[in-house]
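Working from the sequences, and respecting the hints, build out all of it.
Quick mapping for you: the protein sequence lines, in order, are chains A and B.
Take any residue in the first sequence, note its place counting from 1, add 16, and you have its number in the working numbering.
Take any residue in the second sequence, note its place counting from 1, add 138, and you have its number in the working numbering.
Hints were generated in silico from the structure; no laboratory data involved.
Heads up, none of these hints are tricks.
Computed footprint of chain A on chain B, listed as stretches where at least three residues anywhere in the stretch have a Cβ under 8 Å from a Cβ of chain A:
#1 228 to 242
#2 289 to 303
Over the 10 Å line for every Cβ pair with chain A, so calculated as not near, a few chain B residues:
#3 Ala168
#4 Pro209
#5 Leu214
#6 Pro215
Only a predicted model underlies this, so the values are computations on that prediction, with no experimental measurement involved.
Every residue gets a Cβ at the ideal spot worked out from N, C-alpha and C, and that includes glycine.
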Amino acid sequence: MVSTSLQAGGRFPDLVLDDHSGNRRALSELVGGDPTILQTYRGWWCPKEQAFFRQRLLPLQDELEVAYARIVSLSVDPSAVTAAFRAGLGARWTFLCDPDRTALQRLGLRETTDTVNDPYVPAVFVLAPDLRIHASYDGYWYLRRPTAAELCHDLRAVAAEIREDWSAPTS
Amino acid sequence: MTGSWHWLALVEEAPADATACAIATELDGAPAGHLAIWDRRGRPTREARRVDARLLDRDGAEAHVSLVRLPSGVRLPFDDVAVQQARRAVLATPPFDAVTTLLSDASHFEGSLTVARGADVARLRGDPFARIFPARILRVASGALGRIPAPAGPVIERYGSARPWPWDRFDDAPRSGVGSRRA
Numbered sequence: 017m018v019s020t021s022l023q024a025g026g027r028f029p030d031l032v033l034d035d036h037s038g039n040r041r042a043l044s045e046l047v048g049g050d051p052t053i054l055q056t057y058r059g060w061w062c063p064k065e066q067a068f069f070r071q072r073l074l075p076l077q078d079e080l081e082v083a084y085a086r087i088v089s090l091s092v093d094p095s096a097v098t099a100a101f102r103a104g105l106g107a108r109w110t111f112l113c114d115p116d117r118t119a120l121q122r123l124g125l126r127e128t129t130d131t132v133n134d135p136y137v138p139a140v141f142v143l144a145p146d147l148r149i150h151a152s153y154d155g156y157w158y159l160r161r162p163t164a165a166e167l168c169h170d171l172r173a174v175a176a177e178i179r180e181d182w183s184a185p186t187s
Numbered sequence: 139m140t141g142s143w144h145w146l147a148l149v150e151e152a153p154a155d156a157t158a159c160a161i162a163t164e165l166d167g168a169p170a171g172h173l174a175i176w177d178r179r180g181r182p183t184r185e186a187r188r189v190d191a192r193l194l195d196r197d198g199a200e201a202h203v204s205l206v207r208l209p210s211g212v213r214l215p216f217d218d219v220a221v222q223q224a225r226r227a228v229l230a231t232p233p234f235d236a237v238t239t240l241l242s243d244a245s246h247f248e249g250s251l252t253v254a255r256g257a258d259v260a261r262l263r264g265d266p267f268a269r270i271f272p273a274r275i276l277r278v279a280s281g282a283l284g285r286i287p288a289p290a291g292p293v294i295e296r297y298g299s300a301r302p303w304p305w306d307r308f309d310d311a312p313r314s315g316v317g318s319r320r321a
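This is the structure we're talking about:
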């Protein structure tokens, strides 16, 4: 179960981790001023993660690139592995890497049933620019993961809160 | 930093009023002029173009750059599919120390500047924007060019049409007299 502090209404910690290129990045910097999908995933090797990337997030990427919304993915895979996985997927967003599992421990998102890989439990959070959690999805069971439509609905709700000109300026 | 963009130009003589200026040379050592950056509202020279303000760093180390400029008389919409695809390619490939598009109005792509140091210099030949128009690879002395964090992705749009991509947020109000189209 995803920690109660990481449910809707809570605030996600401002993690500072290496990205897939080995550059130190703060989550708040990556979120910037946009609604953001933050996804934790087990690792490159998991078929469920590969399906979620290919069937949900990659198609969504082609819309978010013009929608002023962002995606950040996070796993325990090291930068070099993550860079290769990202390139193979064709993803154009930032992947964060937590091979030392420091953020994993802080967040309480370790998947306890996998003692071999000691990975993140799959989860999806929709964040506002101040890292407030608008929505939280436990992805341990694949069918609990959000659909693209649900993610768009969540992103729209956050955007409506933060965009002062959400109603089109007309004359 | 006074806003989301500054002015940049490659000029023959070092301008006295530039905020930062560094000598530029061709790869064979031939003089290429001075790369100047101005932090000011008005366009300082006819050749100057807007760049992401984060590019300016008066303590920035020597670097190599790929400078893409359009041939004289050519204009290309910023929304052209070739420019869109170049932005996607920048996001998909390993980041350089900095990249910025060049703008002079709200509608047109007027080139790009990509900054590399160390082992990344060799990758400048693969600058995605150089697939649209030819690039000049130059060596630029220290004192002008900084690093811009890699764009978070996957957004390829400008945050207001006056702001060079990849400037990545709306929260800096646009300066008067320039557009701010969003959607």
